[in-house]
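> Read off the chains here:
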Amino acid sequence: MSLLSWLEGLPVSVWVAESDWGYPLLLSAHSMGMAIVVGLLLVLDLRVFGFAAGIPIAALDRLMPLAWGGFGINLLSGSLLFASTATRLAGNWAFLVKMACVVLGGLTTFWLWHQVRGNNMSRAKGVALLSAALWLSAITFGRLIAYVMDHAILHAQ
Amino acid sequence: MHTLLQWLHDSWLGEYARQTFWVFTTGLVIHFIGLCLLLGAMLVVDLRLLDLFKRVPIRAVTALLPVALVGFCLNLLTGIVFFCFDPFGYWQNPAFRAKMLLVSIAGVNALFVHITARKMLASSDPDQRTGALLKLSAAGSLLIWFSVILFGRMIVAFQGSSSFFG
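Chain order of the listed sequences is A and B. Every letter in the first sequence is one number past the one before it in my numbering, and letter 70, counting from 1, is 70. Every letter in the second sequence is one number past the one before it in my numbering, and letter 36, counting from 1, is 36.
Don't take each hint at face value.
Here are some chain A residues pointing at chain B (derived, C-beta under 7 Å) [what the hints assert, rightly or not]:
(1) Ser31
(2) Leu42
(3) Gly54
(4) Ile55
(5) Leu136
Hints listed in this document are in silico derivations from the structure and should not be mistaken for laboratory results. From the three backbone atoms N, C-alpha and C, an ideal C-beta is built for every residue, glycine too.
Hey, can you work out the whole structure from these sequences and the hints?
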């Protein structure tokens, strides 16, 4: 048995897939986590571009644990959602592109803070733009996952 | 009500949304981006009003309100497209109704804050403390917006049903 079908067969995965509330509640949590992470990072990107300049960037640094909290919610809810549909998600190109965007988005956010803390603001603007593009792409491909799945089901019929 | 729903259903927008595959999909992507703009900005503003985001002037964080407004408008416009796609389905969906009620309460709450705390919102003192009523409104705002996400996600789960208890 493959790792993916083993994951899908775990009691918790079966609960997520088959209970009335497991899947929609996890999707809700995933959207809330997204709002926290991407919302705060977009505020940071705008601030790097000089918007809301009255907020010290060092103050936004203090909100990053909250962004990490949102990321944690999504890592957990995302893992459970993945486990419940592992065999269908692993080959879903939208899912794979989303994961690449999340990883690159995370690395770019570290890079952005490196530039901001080093007070290298002209470089930081370029990195902020890249960070925003990657996080918004993650959302876009995340939305497409269901459509790619439906399409695969249609073709199988 | 039925006439209005039928009119929205038959409108060019409804027809266009149903006939063109990418309209709904693209609309949802924009709806999620709008949600991030709205929630991200409100999170910073409300945390400041709760005195949890210290040593920042309230006036400085209220500069983010236009960002929240842009997010809200994106979601209002895309939301209208979704509604015209299937007016009867949305109208009788209990999760949709709850979501719309919460959005209205959030609007009234925001208006209330703007009217009652006008001076406080313009304060440029980084250590300005807020009162209990303003804190209650800020906490309510966050609770409401996150519940809006919850009920928004529940719309699909309640498709075809007309009650939370059925």
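> With reference to the structure, classify each hint as holding or not holding.
Evaluation of the provided hints:
1. Annotation: interface hint on serine 31/A holds; nearest CB of chain B at approximately 5 Å, less than 7 Å.
2. Interface restraint check for leucine 42/A: the shortest CB-CB distance to chain B comes to about 5 Å, inside 7 Å, so the restraint holds.
3. Annotation: interface hint on glycine 54/A holds; nearest CB of chain B at approximately 3 Å, less than 7 Å.
4. Satisfaction of the interface hint for isoleucine 55/A is found here, the shortest Cβ-Cβ separation to chain B being roughly 5 Å, below the 7 Å cut-off.
5. Interface restraint check: leucine 136/A against chain B, minimum CB-CB distance 6 Å, threshold 7 Å, status holds.
Violated hints for the displayed structure: none, as all numbered hints are satisfied.
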